[in-house]
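Novice: For reference, the chains in residue letters:
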Amino acid sequence: MEPEVRLLDENKRRLDGRAVDELRPIKIEAGVLNRADGSAYLEWGGNKVLAAVYGPREAHPRHRQDPARALVQCRYNMAAFSVSDRKRPGPDRRSVEISKVVSEALGHVVFKEQFPRTSVDVFIEVLQAEAGTRCAGLTAAAVAMADAGIPMRDLVVSCAAGKADGTLLLDLGKEEDNLGEADLPVAIVPRTGEIVLLQMDGHLTPEELETSLKSAIDACHKIYEIQKDALRRRYAVTTEHGGAPPPPKEPETEADTPPTTEEPKPEEVEAPEPVVPETQEGE
Amino acid sequence: MAVKVVSELTRNHIHRLAADGKRVDGRGPDEYRPLKIEKGFVGSAEGSARVHLGKTEVLVGIKMDFGEPYADSPNKGVLITAAELIPMASPDFEAGPPREKAIELARVVDRGIRQTKTVDLEKLCIEPGEKVWLLFMDMHILDYDGNLFDACSYGVLGGLSNTIVPASRLEAEDYPLEIQHQPLSVTAAKIGNAIFLDPSLQEEQVADARLTVATDENGDVRAMQKGLNGSFTFDEIKEIVDRARKAGGELRKQIVG
Amino acid sequence: MVEKSAGRELVVPGDLLGTADLKPGMGTFAEDGKVYAALLGIKNERSGYINIVPLSGRYIPRPGDSVIGMVTDRGPSHWLLEINSPYPAPLHVNEVPWRVDYGDTARYLDIGDILLLKVLLVDETKRVVLTMKEHGLRKLTGGQIVEISHSKVPRVIGRKGSMISLIKEFTRCRLFVGQNGRIWIDGDIDDVHNTISVIKRIEEEAQVIGLTESVKSMLEEMYGPSPVE
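Residue numbers (this note's numbering), protein chains in the order written: chain L, 228 to 510; chain U, 5 to 261; chain Y, 37 to 265.
It should be emphasised that the hints constitute simulated quantities derived from the structure, not laboratory data.
Treat the hints with caution; some may be incorrect.
Stated by the list, open to error - List time: in silico DSSO-like cross-link candidates among lysine-lysine, alpha-carbon distance up to 30 Å:
| hint | chain 1 | residue 1 | chain 2 | residue 2 |
| --- | --- | --- | --- | --- |
| 1 | L | Lys-314 | L | Lys-441 |
| 2 | U | Lys-59 | Y | Lys-236 |
| 3 | L | Lys-254 | U | Lys-59 |
| 4 | U | Lys-59 | Y | Lys-252 |
| 5 | U | Lys-26 | Y | Lys-252 |
Starting from the given sequences, assemble the full structure and let the hints guide the process.
Specialist: Here's what the structure looks like:
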């Protein structure tokens, strides 16, 4: 069955000019929101996605608390205006499913046992959707979690491969997604190669599946570098106005070693002399 | 989740400053936080504006579609306003259907637009009684540090002012949506006896009363909403309206100009 | 260049920190004989341990920490304190300097009160016990609170309290720094404002080498070269 629209030209170039194994442009910025404990903004082709993390914080409702570990709970949501036909606000079955698989993927890398009875709440908001919003959202969420200081084994990174116009393609675009034959979103833990999210729909031979999976995983490793770069840029900014005198032998306040005690006691530091009399407080 | 408790210490501090006409962040009584508007941020919407008002951030998307008119106004397009206080924006916002705070916000912003006839709904009629444009104004709150009324009001006006009517779906040419008026809200908070414009979250949390005044480009009043448990005197209302007209004029230049 | 934060190595979760002889310390984990970063932060080796000094994250209470908490609720024999950590912390009537009869907690501390406290105990499920019994612990009145990331607290205090002394020397404000990132400041209104700007600068530039010098010149700009005696 030949699609009406040709998705590839005779040179195997795609509608947006990409090669079959080429990613759309990806840009990530960490730490973009004020209220959240951690956040990230990501553009991936025509996708614009924000991710925010709150926590670890006391899990609500209480009966959901796990006495042994933290919950990692993600809520994926699409803004009403993020798609060409306005989407009704609020969760639908699709977004509930995505929230679930993304929570599970992210939960795999968090040191959950360090924070019993809490939850790490991850919010993904799709502001503008093209195709592959769950991959974009998950990739942004991992950056937001690191930005929030959540202890993790590694980041998680996601990318899809698929098939359209009879050809295996990396990172399906909008038309490829709509008209294509198969879609295979994947997320991995890059350091170990573990696959922590995998969905597929369409039609692939076992050989095609293997090739697609491999190509999605390779792409994940590239995106991983963009994630790490975003996190480094966020905190490297602070160095600029400091000039760069040679680093002292040790930072000013960290204490001596062992894992348990790190910083010196705060020794609360009441000013010796009440230059300001108490009464002035009420002035 | 419970309403966030504000410490007595912070409350006293803000009140003490207010008694001297001073604010926690050093602003003047009528001084707005830095306002930044980025129009056309969302490509999938017919119009959009991303607004930063200090540390508050909202994204407004305008979507257009066609549908049936209401029976009592067969020759008018339909205006639909919705606000989502998504849990991303604040640890105090919960997921779920809009609660009263979101509904009030959407309705107050809607009134400013509707009452001024910012958009001429009759021009959004395609076939009387059969087919009209539906104009959706969706306000997505991303970061909450106070004064959502104004941030959303500016976002909606900014979004409408770059909306393109997708008439090509009806085999006509796309055209920019015509904006007839420029209503803008200005919100005041009363703390003790002081009245400050553009309250921050901290100020909102300790405020006794709040008043939102939407004025148009002529300085006429087009929508108002008083909120919170406290009260205003007659003279205070007059004073706020006066200050809102002035501040509105300045802000209008930044948003539409 | 971006890898270094003014000469210190910035790492992200999953980064390999070393092998063999280094022992995994704070913010790290070991796997297959290798040590990796579990946190976004600055790498730091000390006495055979490799640690990550975090740049963000929630405050996790540890015994002995001084913290500034707010009363959010009360029961007949305790108050519940919000201490900026994932865990709400009870303050039992036995841990306050007064004799409080059962059911009489409201007479002593009210919801919204700000207290200077010490973390007495943290059990393995992270349940926290607070105390207000030690010397200097009390209800704070007047002044105001600023919040910073708890990870920047050591920088605000400085080595052996050097940074805080410097600030106080110039601004003459009274200060308490809670390990949970809350700082109480009291003094003349302009001095308090100056103190807050200095603290915000320290928070922003916590990673910068030569921070003390930069803070000192900031204070000198505000107050002139030598502090008032």
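Novice: A separate judgement is required for each hint: does it hold in the structure or not?
Specialist: A quick look at each hint next to the structure:
no.: 1; hint: Lys-314(L) / Lys-441(L); result: violated, 34 Å
no.: 2; hint: Lys-59(U) / Lys-236(Y); result: holds, 16 Å
no.: 3; hint: Lys-254(L) / Lys-59(U); result: holds, 23 Å
no.: 4; hint: Lys-59(U) / Lys-252(Y); result: holds, 29 Å
no.: 5; hint: Lys-26(U) / Lys-252(Y); result: holds, 28 Å
In terms of the numbered hints stated before, the structure departs from hint 1 and from no other.
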